[in-house]
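A.B. asks: These are the residues of each chain, in order.
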Amino acid sequence: MNKDLTKKFSSGHATCAGCGIPAIVRTVLGATDEPVIVSNATGCLEVTTTIYPATSWKVPYIHSVFGNAAATAAGIDAAQKALEKSGKLKKKAKIVAFGGDGGTYDIGLQALSGALERGHDFLYVCYDNEGYMNTGGQRSGATPYGANTETAPVGSQSFGKTQQRKDLMEIVKAHGIKYLAQANVAYLPDLKRKAQKALNTPGPSFLLVLQPCTQIWKFPTSEYVAVGKLATETNFWPLYEIEDGKYIINNIAKEPKPIEEFLKTQGRFKHLFKDANKDVIAKIQNDVNVSWEKLQKKV
Amino acid sequence: MEKITKNKTNVKALTGGYAVAEAWRQIEPDVMAVYPITPQTTIIETYAKMKADGKVATEIVQVESEHSAMSATIGASAAGARAVTASSSQGILYMAETLPVVSGLGLPIVMSVSSRALSAPLNIHGEHGDVMAVRDLGWVQIFAEQVQDAYDDTIIALKLAEEINAPVMPIMDGFHTSHTTERIEILDDEVVKKFVGERKVQQSLTDFENPTTFGTLALQNTFFEFKLDQEKVMQKAKIAYKKICGEFFKISGRKYSLFEAYQLEDATSVIVIMGATAGTAKDAIDKLRLKGKKVGLLSVKLFRPFPYGEIGKALSHISKIAVLDRAISFGAFPPLYQDIVSSVYHSHSRKPDLVSYIYGLGGRDTMQKDIEKVFQDLAEGEISSKIKYLT
Ligand SMILES: Cc1ncc(C[n+]2csc(CCOP(=O)(O)OP(=O)(O)O)c2C)c(N)n1
Ligand code: SF4
Ligand SMILES: [Mg+2]
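The listed protein sequences derive, respectively, from chains A and B. For what it's worth, the numbering used here labels the leading residue of the first sequence as 1, then goes sequentially. For what it's worth, the numbering used here labels the leading residue of the second sequence as 300, then goes sequentially.
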């Protein structure tokens, strides 16, 4: 593997073959030449990279618990400020917190909100695979409507998850932070550009990155980029930024693909293609259209 | 605690909360994460005002919960800072998930505690239920009897934590100590600063040349050894505590040790207790001694690690022992009683009479007459395996 790519995060780790998480981590950390400190929530990224006595991290790294990646980062920020003031630290590092969707939308939301509100100098990256994957694929606040999960399973009386996913971008935006963006592991140059912007933003910044999960979304291990691209090409996962409150959409396709193109690639939506669930797909398509229109109006 | 050297300029009338804040002002940690809960609030409010008045440079992180208070303290400490916090009751349980992380990572964090009852029903008053609920998580726990101890314990706790690389919880009884004004002696700022010195950081997130991974995943083949290493640190803590108390005596003239023995030498009936109510018990003992009763007290100072051997030895000549717990263990004997039973089991050749009392829950007053009643029970052979309640 290219030496530069593994400078901060080594090629030795235990993610599933075809997992997009390492590419996200390398791209974000590769977006700066300054020292970096990583704070990480419990989840797939953490358990696959820190199995004692090995570690995949070549930069200072801390994992504490599931819901406190942002609060831990806040403490690191306070420490750096104090140590710099007292002359014990010459150069402050960039602080990057990584959390899964469970660790961000759900159990870590309060800690994230507090850290954003207090204005700590850090970048929070949520790698969003739309479920609690480390524990085997249970639903989270990020799991989309209609998906089959271990805790919202399909059955004779159920088509999977019956609720919408949270709009985390709007929740984070409401804190008035200077820069946040939605990205996708299938578009690494776009992710890199956004990470650079985020890391150069003083105070808190935020990236929400789609990370198709081969294991739980159920698609072949070679396909995460293709599946990710379809998420954006169908407008299920638009790429956009919010800079100083202004929206910039990065991917206006002339003709968005129908949502079925995305859904049909994954086992978690297989049941939706049965006749009985036609209306579920229709609703998902309608929701995508409405969200897209709303987003365009914000620009 | 023995004699206080009288130095007029440094004698002040302070509440426990203020006294702890005063110790923190002198230590001036790099980072303090704060979240309010009665009766801990006086510590963090006093400290916030000190910062507002320019008396300390500490980075204060006003977090949104106790879970984040300890999480931020963990992040700061791992980054090489001297980082502290304070809490009580629900706050301690709210952050409970992170407490074994602190000890597991070997971070020298100090958390000042004003102990308080746990809900439900809601009650903001003094009790040891909160600190007992987290007693087995790898934190050193030190109990204060009065405001002077609360001040001194803070300084000792910080030095201890950084010497052994383990977290320490100095504990005072909520309200009873945290909100009561007493005359105490404050050390000179320079004396405190010199005593605690600078934190010697072994591994840090801000050492970019030698990147460390904090908080790994340990599987069946390595986890057990991590825990055994922690147990070794706890054993070291006892020795280090005694040593630091000796050093503290040199700068203050105040003597602390694993426990305080009061009128114990020739006693036949003894109360074992912890925290503020030891003071009431001493007054009761003084009164009973005037009447010729051979009564005494053992007040436990270092509760974790528990000094089983030393306490067992100190009690080895006592035939009647009442253990007074300010906490309830539903469906079991309360914590201090259990530890005293373990202590005397290994030190007594003949089984002493042991009895468990629970007192002071939710701030219920414990008066001298209650203590006298306990001694009367012991004298009259009112001793059984049934827990008694001083309601
Ligand atoms: C307090 C707590 N509750 C539950 C868990 C169990 N748990 C560990 S990882 C995880 C799911 C993580 O999901 P997510 O944040 O989306 O990350 P992913 O595994 O998908 O990478 C859960 C539920 C835990 N470690 N701690
Ligand atoms: S379960 Fe999914 S997210 Fe987790 S390592 Fe495997 S592919 Fe990656
Ligand atoms: Mg997830």
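One should not assume that every hint holds.
[Said to hold, decoys possible] Here are the simulated distance ranges between beta carbons:
#1 A:222 - B:418: 34 to 44 Å
#2 B:499 - A:293: 51 to 61 Å
#3 B:508 - A:85: 55 to 65 Å
#4 B:418 - A:53: 18 to 28 Å
[Stated by the list, open to error] Taking lysine-lysine and the BS3-like style, the derived pairs with C-alpha atoms no more than 30 Å apart in a straight line are:
#5 B:593 - B:650
#6 B:531 - B:593
#7 A:85 - B:493
#8 A:81 - B:350
#9 A:91 - B:499
#10 B:531 - B:542
#11 B:554 - B:685
#12 A:92 - B:354
#13 A:85 - B:499
#14 A:85 - B:531
#15 B:619 - B:685
#16 A:81 - B:650
#17 A:92 - B:493
#18 A:229 - A:178
#19 A:178 - A:166
#20 B:350 - A:91
#21 A:166 - A:91
#22 B:542 - A:88
The hints are simulated quantities; they were obtained by calculation from the structure and are not laboratory data. Just so it is clear, CB atoms sit at the ideal spot from N, CA and C, and this is done for glycine as well.
A.B. asks: So, for every hint listed, does it hold in this structure?
C.D. replies: Comparing the hints with the structure gives:
no.	hint	result
1	A:222 - B:418: 34 to 44 Å	violated, 54 Å
2	B:499 - A:293: 51 to 61 Å	holds, 60 Å
3	B:508 - A:85: 55 to 65 Å	violated, 22 Å
4	B:418 - A:53: 18 to 28 Å	violated, 42 Å
5	B:593 - B:650	holds, 19 Å
6	B:531 - B:593	violated, 39 Å
7	A:85 - B:493	holds, 20 Å
8	A:81 - B:350	holds, 15 Å
9	A:91 - B:499	holds, 19 Å
10	B:531 - B:542	holds, 17 Å
11	B:554 - B:685	violated, 36 Å
12	A:92 - B:354	holds, 25 Å
13	A:85 - B:499	holds, 18 Å
14	A:85 - B:531	violated, 36 Å
15	B:619 - B:685	holds, 15 Å
16	A:81 - B:650	violated, 58 Å
17	A:92 - B:493	holds, 28 Å
18	A:229 - A:178	holds, 27 Å
19	A:178 - A:166	holds, 21 Å
20	B:350 - A:91	holds, 25 Å
21	A:166 - A:91	violated, 38 Å
22	B:542 - A:88	holds, 29 Å
Going through the hint list in order, the structure does not satisfy hints 1, 3, 4, 6, 11, 14, 16, 21.
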